[in-house]
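Enquirer: Sequence:
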Amino acid sequence: MHTPTHQVTDIEHDYKHFSSSPRPSSYTSTPSGIQGQPLEVTVVGCTNLKKTEWISRQDPYVCVEYANTKFRTRTCTDGHKNPTFQDKFVFSLIEGLQELSVNVWSSNTLSNDDFIGSGRVQLQKVLSQGYDDTAWTLQSKSGRFAGEVRLLLHYANLNSVKSGGHFVLEENMQEVDCPCVTPEVVLKASGHVHKFTDPMVKDEKTGTCYLADLLLKDFCKEKLEKDLSLTAEKAAELKHVLAILDDLSSEQLGAKLKEYGINASDTKNPLSDPYPFNLMFQTSIGPSGLSPGYMRPETAQGIFVNFKDLYYYNGNKLPFAAAQIGQAVRNEFGGEAKS
1 MHTPTHQVTD IEHDYKHFSS SPRPSSYTST PSGIQGQPLE VTVVGCTNLK
51 KTEWISRQDP YVCVEYANTK FRTRTCTDGH KNPTFQDKFV FSLIEGLQEL
101 SVNVWSSNTL SNDDFIGSGR VQLQKVLSQG YDDTAWTLQS KSGRFAGEVR
151 LLLHYANLNS VKSGGHFVLE ENMQEVDCPC VTPEVVLKAS GHVHKFTDPM
201 VKDEKTGTCY LADLLLKDFC KEKLEKDLSL TAEKAAELKH VLAILDDLSS
251 EQLGAKLKEY GINASDTKNP LSDPYPFNLM FQTSIGPSGL SPGYMRPETA
301 QGIFVNFKDL YYYNGNKLPF AAAQIGQAVR NEFGGEAKS
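At position 313 of the sequence shown (counting the first as 1) the number is 313 in UniProt numbering, and the numbers step up by one without a gap.
Bear in mind the hints are in silico, worked out from the structure with no lab data behind them. You can take every hint at face value.
Think about it this way: if two alpha-carbon atoms lie no more than 25 angstroms apart in a straight line, the pair counts; the simulated DSS-like pairs of lysine-lysine are:
1) 50 to 70
2) 256 to 195
3) 239 to 256
4) 239 to 221
5) 51 to 141
6) 202 to 223
7) 223 to 268
8) 202 to 217
9) 217 to 258
10) 258 to 268
11) 221 to 256
12) 226 to 258
13) 70 to 141
14) 202 to 256
What follows is a set of in silico ranges between Cβ atoms, one per label pair, in the way DEER data are often shown:
15) 263 to 180: 37 to 45 angstroms
16) 109 to 286: 57 to 65 angstroms
17) 143 to 108: 21 to 29 angstroms
18) 263 to 236: 21 to 29 angstroms
19) 291 to 226: 48 to 56 angstroms
20) 179 to 108: 46 to 54 angstroms
21) 266 to 289: 32 to 40 angstroms
22) 236 to 331: 34 to 42 angstroms
23) 319 to 207: 45 to 53 angstroms
24) 239 to 92: 53 to 61 angstroms
25) 223 to 311: 51 to 59 angstroms
26) 247 to 223: 15 to 23 angstroms
The structure displayed is predicted, hence computed values, not measured ones. Ideal Cβ positions, reconstructed from N, Cα and C, are used throughout, including at glycine.
Build out the structure end to end from the sequences listed, making use of the hints.
Expert: If you want it as structure tokens, here you go:
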């Protein structure tokens, strides 16, 4: 009986869904320095397998081989010609070796396992782009079509610097990299359109902008540190203001600025009432310009929007962890009260 090395895990895949693409023969530019790097191979399933059993049912399994390392999926006893496995394996890459071999067998209990078909899996695309989601053709011993096997390949080294790929791999996390431009409807649902703001005030004569909360914070700190004439009661009041500063509304901030006589720090000119300043860069999507969007101010929305895909790639099971890589853009002050 055929007995390749057996290792079975649940499906985990670190990218959002990508549609199947043609064979990556054109992807000839591959990175160097892959020696010893991990390559994740998830055997999703097979379709249209050649029938080897005419009386009893067919119980297929898949063997994946890379150099001298072999893994075997579990035996699917209810898949027949279209089995689903969702088993993930990790191979250590070897410099110059950019091909996997796949063999599909049907398990027998009383005789040798029946060979269904085999195929060659090229690694150029996954090594150059970090992922590959493709169904690969299987051939029988006579060279005839014997079905297809779908593999999800993930090479995390391309993103290891910017995405913390070590944690994605070690913690079995899902990973997505989504567009930076986000439709307004998404950011309305998350509250960013209406609430992702800073309280701003302007010098009424020069138009210079200041952050209202930082002006109040700086005033309270300076008083507490330098004003030796402060009473214990006044000091306690200023400390209380600092403690609740983040919870003050624009109206409350404006009232405090007026109460303490706080003016523009450079010119000492009076300040306007605080108003909300949205920290997102707005843009338009599409040629008509009628679909508003924003540069995303944080990366979490990609996980929420693509939750269905992440759930699918986790075998339709909960719980799972997800990581979003990429950039976020904010139109905010660097650390001073003035702009």
